[in-house]
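J.: Sequential numbering of the sequence shown, starting at 136, is according to the numbering used here.
One or more of the hints may lead you astray.
Claimed, not checked - Straight-line alpha carbon distances no greater than 16 Å define the calculated EDC-like cross-link-like pairs of lysine to aspartate or glutamate that follow:
#  : residue 1 : residue 2
1  : Lys160    : Asp173
2  : Lys204    : Glu157
3  : Lys160    : Asp191
4  : Lys204    : Asp162
5  : Lys179    : Asp210
6  : Lys194    : Asp168
7  : Lys160    : Glu175
8  : Lys194    : Glu163
9  : Lys204    : Asp168
10 : Lys204    : Asp173
11 : Lys204    : Asp191
Keep in mind that the hints were calculated from the coordinates and are not lab data.
In this text the structure is predicted, and so the values were computed from the model without any measurement.
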Amino acid sequence: MRKLTLLTVLVLSLLSTPVFAEWTKVDENVYGDTYYVDFERIRKHGGYVYFWILGDRLKPDELGMLSGKMYNQGDCKLF
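Construct the complete structure from the given sequences, taking the supplied hints into account.
T.: Right, here's the structure in full:
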């Protein structure tokens, strides 16, 4: 069983591909949570802008998560 687990971990690590992003810090709130944007992946389409935000929490949220990545849509007409 131990060999099977080790083999599974090795195969999955070989199949995974690294993901690189250029995250830029854009905000930090009063709780110490930090937010980043990947400016290289911002896209414009149909009057909207689409972008990724990465949030790092100082303390775990109610689900125990310390970070999360969100895909956002912004309306350029509002600014």
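J.: Please work out if Lys204 and Asp191 have their alpha carbons no farther apart than 16 Å.
T.: holds (9 Å)
J.: Verify the proposed pairing of Lys204 with Asp162, using a straight-line Cα cut of 16 Å.
T.: holds (15 Å)
J.: Do the alpha carbons of Lys194 and Glu163 lie within 16 Å of each other, as the hint requires?
T.: holds (13 Å)
J.: Is it true that the CA of Lys204 sits at most 16 Å from the CA of Asp168?
T.: holds (13 Å)
J.: Sort out whether Asp168 lies within 16 Å of Lys194, counting only the CA atoms.
T.: The hint holds at about 8 Å.
J.: Hint check: Lys204 vs Glu157, CA-CA at most 16 Å. Holds or violated?
T.: Holds, at roughly 14 Å.
J.: Is Lys160 close enough to Asp173, meaning Cα to Cα at most 16 Å?
T.: Given pair Lys160, Asp173 holds - Cα atoms ~9 Å apart, limit 16 Å.
J.: Take the C-alpha atoms of Lys179 and Asp210, compute the straight-line distance between them, and say whether it is at most 16 Å.
T.: holds (10 Å)
J.: For a C-alpha distance cap of 16 Å, please report whether Lys160 and Glu175 respect it.
T.: holds (13 Å)
J.: Would you mind confirming whether the straight-line C-alpha gap from Lys204 to Asp173 stays at or under 16 Å?
T.: holds (10 Å)
J.: Given the hint that Lys160 pairs with Asp191, test it: the Cα-Cα distance must not exceed 16 Å.
T.: holds (10 Å)
Consistency with the previously given hints is maintained throughout, with no hint failing.
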